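One letter stands for each residue in the lines below.
There are 2 protein chains.
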Amino acid sequence: MKRKVGPAMFVYPMPTVLAGALVDGRPNFATLGNNGLMRVKPPTTYVSIHEGHHTTKGIREHGTFSVNYPSVNQMVVADRCGLASGRDVDKSEWFDVFYGGLETAPMISECPVSLECRVIETVSLGHMSVFIGEIVEVYVDEDVAGEEGRPTSYVDMERLDPLIYCPGNAYHRLGERIGTGFHEGKTEAAGAA
Amino acid sequence: MKRKVGPAMFVYPMPTVLAGALVDGRPNFATLGNNGLMRVKPPTTYVSIHEGHHTTKGIREHGTFSVNYPSVNQMVVADRCGLASGRDVDKSEWFDVFYGGLETAPMISECPVSLECRVIETVSLGHMSVFIGEIVEVYVDEDVAGEEGRPTSYVDMERLDPLIYCPGNAYHRLGERIGTGFHEGKTEAAGAA
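Keeping their order, the protein sequence lines are chains A and B.
Numbering-wise (this note's numbering), the first sequence opens with residue 77 and increments by one.
Numbering-wise (this note's numbering), the second sequence opens with residue 77 and increments by one.
Do not take every clue at face value.
Just so you know, same-sequence chains aren't split out, so a pair can sit in one copy or run between any two.
Below, a list of computed lysine-lysine pairs in the DSSO-like style, where the Cα atoms sit at most 27 Å apart [said to hold, decoys possible]:
1) K78 / K262
2) K262 / K117
3) K117 / K78
4) K80 / K262
5) K117 / K80
6) K262 / K133
I should point out that these hints are in silico values taken from the structure, not numbers from a laboratory.
In this text the structure is predicted, and so the values were computed from the model without any measurement.
Based on the provided sequences and hints, a complete structural model is requested.
Next comes the structure, spelled out in structure tokens:
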């Protein structure tokens, strides 16, 4: 039996990300679940942020942003980052910040993976701005990067230990690997389905 | 130490979804990881699909689509759905299909959660189309829906047992709940961070 629960943000799972931007010369970070993949080649992602947020100002100013994926052991500081505004506190003091070639997309050393992005499209959804960004560079901790030159062919997801956000206002960790994409459907079981 | 691995689709975790559309009068479904939240009120999500995909044609025709979240025990049929085109096979036979008020967004009974969406914006990213949709209704299996009228205040994520996709072409299941949003950062540990 299905229950109609009305319009709801029942999208899951969501990544927990720290979106970074340079605002008035200072790095700032916003905690978001509004992130996902849009295109593989060239790799393209998005962050969706409240129009009034401090980070939004920096993205608009420079046309760049970063997406930083905290691991589970950064849950407290990631959550804390979502409770305060960069207008009131200097969040850059909470992290070791580094920059890449774009120079205006501050990234977080403590996060095992950071994406450096250039805005290619902005969509206004009322009070929210969706910044669609081409991923121009990916920075990965050496010990989780996998084979040289093949970043996504082998990834140690257990070491990445990503912080996941789900409906019910819940943080979760990632569970076990159970299968391979574009493969499971080829099995005999699929033929018999 | 950070390693630069070049531009890559290093976005994680991704949901595995079956995007549904009515194409030439027949329900069709495409398996995607390109889905996420964009806005909470009104709830808004997106799917990003290859311009040439069969499902894309149906979304363009009717301006509606569905997002169906399979559970782990639907991994084989979900993966299979991504290996075939609706031009060649009738995927509607693989599922028990139902419709909501929009009438043109076919949904999958076997999936514990389905979103019924109306396109409010379309963004063209070369060969990919990003369909941004307002979620007009959510259909949830009765046994995972939580309290009446409060669909996301209590959600049994363990029963939903979502199928997650990660870099490395890997399906994962969701792990344990480890914290609460907008709360963990308020603890004493945060103050000491």
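Results for each hint:
1. K78 / K262: neither (30 Å within a copy, 37 Å between copies)
2. K262 / K117: Result: close within a single copy only, 25 Å intra versus 40 Å inter.
3. K117 / K78: between (38 Å within a copy, 23 Å between copies)
4. K80 / K262: neither (34 Å within a copy, 34 Å between copies)
5. K117 / K80: This pair counts as between: shortest inter-copy Cα distance 18 Å, intra-copy 37 Å.
6. K262 / K133: between (48 Å within a copy, 26 Å between copies)
Checked against the numbered hints listed earlier, the structure breaks hints 1, 4; every other hint is satisfied.
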